[in-house]
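Two independent chains are provided; combine them into the complex using the hints.
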Amino acid sequence: MGKFFAVVLVVIALASAYPIVKHHFPLPEDISTHGHLIDKQLHETMVEAGIAFVGAQLVLALFLWSFTGRKPGAPLKSFPGGAKGLVIFAFVIVGLEVLALGVLGQKAWASVYFTPAKADALQVQAQAEQFAFYFRYAGPDGKFGQIHPEKIDEGNQNYFGLDPENDVAARDDIVSGELVIPVNKEVHLMLHGKDVGHSFYVRELRIQQDFVPGLDLSVHFTATKTGKYEIVCTQLCGLGHYNMKAYLNVMSQADFDAWLKQQSQ
Amino acid sequence: MQWKRVVLGPTLVLAASSVAFAGPNPAGGTISGKVTYEGTPAKMKPIDMSKEPSCAKMYTTPPVAETVVAGSGNSLEDVVVYISAGAPDDAAPSTAAVFTQKGCRYIPHVLAFQVNQELKIVNEDQTSHNIHPLPKLNREWNKSQPPGTPAISEKYDKAEFIPVKCNVHPWMHGNFAVMKNSHYGVTADGGAFSLANLPPGKYTVSAWHESYGDQSQEVTISGNETKTVNFVFKAKPY
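If you're matching them up, the sequences are chains A and B in order. The end of the first sequence is residue 376 by the working numbering, with every number in the run present. The end of the second sequence is residue 235 by the working numbering, with every number in the run present.
Here chain B stands alone, though its shape is the one from the complex (with noise of 0.2 Å):
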């Protein structure tokens, strides 16, 4: 399970670019490793969404804010593991990434994708979104998009984490990590990352946590190797 998100996605992308990029050694070296956190995280509060009853209605007991994802064993969830320097800008690949909106929220919280790469917007429920992310970096937009409407496609051309906010439903908030190169991956419950097909070469390996903020590590890869980097993160509880 843990796998499905971490792995999965980034595999993909992957699986293009190595046959695009790669050149003779389409495995390279990989860095994996776990994101944990000490102490204690803050308790999430429930979202109450009494004023839009077609998504309130979906579940059975609310669901809860989702800043800080604490999964089991201590390990922190929607943390983005990349690699910020070392690597070269990888072209984005031809898949595009979903961000889907559901039950008035935001699926998944935190999207990774890679600058230039296509980024769809669905709208799932039964009222309207209006999509609103807020870059620092890039171009910032703002659109509606009514039940039933076609998915919205955009891109970025810069590298930035970016808050994603809609408009009409204030609870709701997410994430776009835009990457440069196709190294990176989002940990889910059990905080296990892998960054694979990496030549051999000197890394800083950063993760970001859009609560408590990032980290960065030195790795060196040589030949095939996997090496094991961890990251800990500082919980706070309010």
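Chain A extracted, bound-state conformation (with noise of 0.2 Å):
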């Protein structure tokens, strides 16, 4: 019995592997300058979370075929070091795997979270409120309103609580729904949380950021094509968290000049 178990495991193992090896499930198309260092990331953590699995099913599968029928009362061998040292030799294995994974990975999460964006990169603010997405451009003069939380009012259009009445760089800011960004131009996406935890996610873009209450944080990418794109809340944040979308339209430059100019009106 035990060694039928033991081919069943290392069937089930290899019949799993297969079609992550085979790129049956690819991922999504990347539309950002920095998402081939994500994907490489992915797939060498893949590789070796891979070659971890099998190698663990396979030496289950060992173990099972090897002890299987063992007469009772048989010496068993132990591990070099009993117990203590197991732990210890695993404690090394999964650390030396963690740490490559981290020395490895350094490089893309560098390039997103360790570099500034560039001077001259499209700031926007993007606000995240039980259950919608809401993103401010400077306007024409290329200041940003100051934010009042006591006068945000959503009936009136106020998501970020801006002052027109006696902030003049408020009164030009725009609002949209909808991250309209120009194409091939970084981007310098300040996340503002209103209420709870939340998530901008952009699995085109492989960004993945959350909104922290009372914390400004921000990321900056580059989107390479033109398109609509879904943005997504990927942190449960109450009872419409499934409603909790967005999108991002990538234009060409002069679209987006297009647009702008439009929404100022």
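It is worth saying that the hints were derived from the structure and are not from the lab. Source: prediction; values computed, not measured. Where a beta carbon is used, it is the ideal one built from N, C-alpha and C, also for glycine. Check before you lean on any hint, since a few could be wrong.
[What the hints assert, rightly or not] Subject to a maximum C-alpha distance of 30 Å in a straight line, what follows is the list of computed DSS-like cross-link-like pairs (lysine-lysine): (1) K155/B / K224/B; (2) K372/A / K42/B; (3) K54/B / K356/A; (4) K262/A / K155/B; (5) K40/B / K356/A; (6) K356/A / K140/B; (7) K140/B / K155/B; (8) K99/B / K54/B; (9) K262/A / K231/B; (10) K339/A / K99/B; (11) K336/A / K54/B; (12) K233/B / K254/A; (13) K254/A / K372/A; (14) K140/B / K152/B; (15) K99/B / K356/A; (16) K40/B / K254/A; (17) K262/A / K40/B; (18) K42/B / K262/A; (19) K40/B / K372/A; (20) K296/A / K42/B; (21) K356/A / K254/A; (22) K42/B / K133/B; (23) K229/A / K336/A; (24) K177/B / K162/B; (25) K117/B / K42/B; (26) K177/B / K117/B; (27) K339/A / K229/A; (28) K356/A / K151/A; (29) K162/B / K356/A; (30) K42/B / K339/A; (31) K262/A / K133/B; (32) K54/B / K339/A; (33) K296/A / K254/A; (34) K372/A / K233/B.
[As the list claims (entries may be wrong)] A short list of chain B residues far from chain A (calculated; beta carbon distances all over 12 Å): (35) P132; (36) L134; (37) T223; (38) K224.
Below, the structure is given as structure tokens:
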């Protein structure tokens, strides 16, 4: 019976690895300049975890195969150093793996988080709230108006709490429910959470970043292909979480300029 | 057209109440007039519904916010004109006041009804809504209404103005005006109102606007006369 389980285990392990190795589930299209780094990292993680997975299953199958039908009372070989040695060995192996992932992945991580956006990047502020995203552009004056939380008035389309009565910079700010950006231009997205934790995720951009209320976080990216992509919230944020989405609309620079102009009228 | 919203709703109510309460003089006096604004009202921003395509596709041009609706000839819409003092409280009519969610907006934007009158909330959209009125005096509730579900029936037992929001669609915003008596109207384009069926007496007529606040005037009615009272709100550009 044990030998049969060993064979079943090997079959299941190899059958689950097969579609991954053959890339049966390809990643979605990548439309960002840094995306290939993320994809490379995902690939390396997959290879590393895959080898560990198949290896562990094979060892398990080997144990099942070899220790089946052992005579009762026969002596057992133990791991050198006993349980303590085994735990230290496991710590070293898992530690090395995690460390390797970190070292290999630092380039991808640093390209998004440790390098600031270029000075000429398009500045956009994103605000997440239950259950929608809103995006704000500085408008013709290039200046963002101050945010006053007590002025937030959704019924009056004042999602950011602007005070156009007293704040001249706020008067021409453009607020949109869609993130419209020009292609091949860096975008510096500043994330601001209004209520609970949310997340900004565009799989084609290979960007996923949480909104944390009280923290001003930012990401920067350059989209390389025009089109419409979905922005979804990937942090369970309440009753309407399933419905919390927006669209990313990547346009040519000319179309983007026209859109901005139309919005500021 | 302008009479539709102002008069038809309340007249149904008045017709019902006059039979029951108005006694020998069902006609009574009338207070009528117009609500206008002076100055420049803020330009209403278009509503971006792109996150809810089933609603966005119902409009060829995006609808605008309704916190200030300016009508023709400087008239101000969505103003609740009512008798705030001088008239006795009326029992609720048997007809229900209907609040409809259509195209991810509230229709009407301001719904006036009486204390203990049935309030029916209908979802005509292909998406779920979550009706969340924010009363200060009444009990607060918050109900989900998926598409195709029956109307929600509710009641309020204290008079107040209640902002209403949808927890799923942040732009959705409306108001309930819970009235003590049956003498009220909500202005439409033209800003006209007419509070009929008032026995002789001294009344305080109030006009409430969600952005511009409220105003009151004293009016004395004798016999079957019609008195004209106008309200002028100061519009702010921002």
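Going through the hints against the structure:
At roughly 29 Å between alpha-carbon atoms, K155/B and K224/B fall within 30 Å of each other, so this suggested pair holds. Restraint check for K372/A and K42/B: the C-alpha separation of about 15 Å stays at or below 30 Å, so the hint holds. Distance restraint check for K54/B and K356/A: the Cα-Cα separation of roughly 16 Å lies within the 30 Å cut-off, and the hinted pair is therefore satisfied. This hinted pair checks out: K262/A and K155/B have alpha carbons roughly 28 Å apart, not beyond 30 Å.
The suggested pairing of K40/B with K356/A holds, with an alpha-carbon distance near 27 Å, which does not exceed 30 Å. A distance of roughly 22 Å separates the Cα atoms of K356/A and K140/B; the hinted pair therefore holds under the 30 Å criterion. The hinted pair formed by K140/B and K155/B meets the criterion: a straight-line CA distance of about 20 Å does not exceed 30 Å. Simply put, K99/B and K54/B have alpha-carbon atoms about 12 Å apart, close enough for the 30 Å limit, and the pair holds.
About 20 Å separates the Cα atoms of K262/A and K231/B, which keeps this hinted pair within 30 Å; it holds. Restraint check for K339/A and K99/B: satisfied, since their Cα atoms lie roughly 26 Å apart, inside the 30 Å limit. A hinted pair counts as satisfied when its Cα atoms are at most 30 Å apart, and K336/A with K54/B qualifies at roughly 26 Å. At roughly 24 Å between alpha-carbon atoms, K233/B and K254/A fall within 30 Å of each other, so this suggested pair holds.
With a C-alpha separation of about 16 Å, the suggested pairing of K254/A with K372/A holds against the 30 Å cut-off. In summary, the hint linking K140/B to K152/B is supported, as the alpha carbons are separated by about 14 Å, within the 30 Å threshold. For the proposed pair K99/B and K356/A, the alpha carbon gap of about 20 Å is at most 30 Å, so the pair holds. For a cut-off of 30 Å, the pair hint linking K40/B to K254/A stands: about 21 Å separates their Cα positions.
Taking the CA atoms of K262/A and K40/B, the gap is about 17 Å. The hint holds against a cut of 30 Å. Taking the CA atoms of K42/B and K262/A, the gap is about 16 Å. The hint holds against a cut of 30 Å. Of the supplied pair hints, the one linking K40/B and K372/A holds, its CA atoms being roughly 17 Å apart against a limit of 30 Å. Taking the CA atoms of K296/A and K42/B, the gap is about 28 Å. The hint holds against a cut of 30 Å.
Between K356/A and K254/A the alpha-carbon distance is near 27 Å, which keeps this suggested pair within the 30 Å criterion. The straight-line distance between the Cα atoms of K42/B and K133/B is roughly 28 Å, inside the 30 Å bound, and the hint therefore holds. For a cut-off of 30 Å, the pair hint linking K229/A to K336/A stands: about 20 Å separates their Cα positions. Between the alpha carbons of K177/B and K162/B the distance comes to roughly 23 Å, so the proposed pair stays at or under 30 Å and holds.
Of the supplied pair hints, the one linking K117/B and K42/B holds, its CA atoms being roughly 29 Å apart against a limit of 30 Å. Distance hint between K177/B and K117/B is fulfilled; the C-alpha atoms sit about 18 Å from each other, no more than 30 Å. Distance restraint check for K339/A and K229/A: the Cα-Cα separation of roughly 24 Å lies within the 30 Å cut-off, and the hinted pair is therefore satisfied. Proximity of K356/A to K151/A is assessed by CA-CA distance (about 28 Å); at most 30 Å being required, the pair is judged to hold.
For the proposed pair K162/B and K356/A, the alpha carbon gap of about 19 Å is at most 30 Å, so the pair holds. Taking the CA atoms of K42/B and K339/A, the gap is near 24 Å; set against the 30 Å cutoff, the hint holds. Annotation: proposed proximity of K262/A to K133/B holds, straight-line Cα distance about 19 Å (limit 30 Å). With a CA separation close to 17 Å, the supplied pair K54/B and K339/A stays within the 30 Å bound.
This hinted pair checks out: K296/A and K254/A have alpha carbons roughly 19 Å apart, not beyond 30 Å. A distance of roughly 25 Å separates the Cα atoms of K372/A and K233/B; the hinted pair therefore holds under the 30 Å criterion. For P132/B, the shortest C-beta to C-beta distance to chain A comes to about 16 Å, beyond the 12 Å cut-off, and the non-interface label holds. Interface exclusion of L134/B from chain A stands, the closest Cβ pair being 20 Å apart, more than 12 Å.
Non-interface status of T223/B relative to chain A is upheld: no Cβ of that chain comes within 12 Å, the nearest being about 35 Å off. Every CB of chain A is more than 12 Å from the CB of K224/B (nearest about 34 Å), matching its label as outside the interface.
Consistency with the previously given hints is maintained throughout, with no hint failing.
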